[in-house]
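Start from the sequences, fold in the hints, and give me the full structure.
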Amino acid sequence: MDFDGAVLAHRNWKMKLKSYLSKPDHSLDASVVAADNRCELGQWLHGEGWQYSNLPEYPKLVSDHARFHKAAGAIVEKANHGQSVVEETVLGANTEFTNASTDVVLSLMAMKKKCDLRIVGVRSPVHSQPGQ
Amino acid sequence: MSLSEDVRLLLAARAPTDPNAARLLEMFTKADEI
Numbered sequence: 008m009d010f011d012g013a014v015l016a017h018r019n020w021k022m023k024l025k026s027y028l029s030k031p032d033h034s035l036d037a038s039v040v041a042a043d044n045r046c047e048l049g050q051w052l053h054g055e056g057w058q059y060s061n062l063p064e065y066p067k068l069v070s071d072h073a074r075f076h077k078a079a080g081a082i083v084e085k086a087n088h089g090q091s092v093v094e095e096t097v098l099g100a101n102t103e104f105t106n107a108s109t110d111v112v113l114s115l116m117a118m119k120k121k122c123d124l125r126i127v128g129v130r131s132p133v134h135s136q137p138g139q
Numbered sequence: 116m117s118l119s120e121d122v123r124l125l126l127a128a129r130a131p132t133d134p135n136a137a138r139l140l141e142m143f144t145k146a147d148e149i
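Keeping their order, the protein sequence lines are chains A and B.
Each residue of the first sequence is one higher than the last, beginning at 8 in our numbering.
Each residue of the second sequence is one higher than the last, beginning at 116 in our numbering.
Treat the hints with care, as some may be off.
Unchecked claim - Pairs of lysine-lysine residues, derived as DSS-like cross-links and limited to a Cα-Cα distance of at most 25 Å, are as follows:
1. LYS21(A) with LYS120(A)
2. LYS145(B) with LYS30(A)
3. LYS121(A) with LYS23(A)
4. LYS77(A) with LYS30(A)
5. LYS25(A) with LYS145(B)
6. LYS77(A) with LYS21(A)
As the list claims (entries may be wrong) - To be clear about the criterion: a stretch of chain B counts as covered by chain A if any three or more of its residues have a C-beta under 8 Å from a C-beta of chain A, and this derived list gives those stretches:
7. 120-126
8. 137-148
Since the hints were made in silico from the structure, they are not lab data.
Idealized CB from N, CA, C, for every residue including glycine.
As structure tokens, this is what we get:
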């Protein structure tokens, strides 16, 4: 799975969660949702994606992903208790769930950009010297 | 910086043989202390 696939996996997981939240039937356990190493992205992060763990963005991605799942678990907990969670998950809402999700995608895109630049051999402006 | 207990255990298990896991674990531990 590449970075685009990782973003897609995250979006698909979120879509499934939103589908569940539209009609919570208690089939999802909040503690399972809160676990950040069970979803496809979580498996990738600590499996195939570990090859990128030396990038400075990696720990931020791990942290953002943990925040996202913690928020998702709290939302499922509320939904399973019959409380409304629409305001927390709606597109554009300024909540921990939506912010952490955005941060996950931004971190993945930043890592993709850095890896793409490495592949084509573009030097970072920070390390470029005049006349080189 | 957030680190789940599951991932902390995973990093701790890797740390003895993987310097990068050890580095990340130390980074998250320090972040927790701040």
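Any hints from earlier that this structure breaks? Give me their numbers in increasing order, please. Hint check: 2, 3, 5 fail, others pass.
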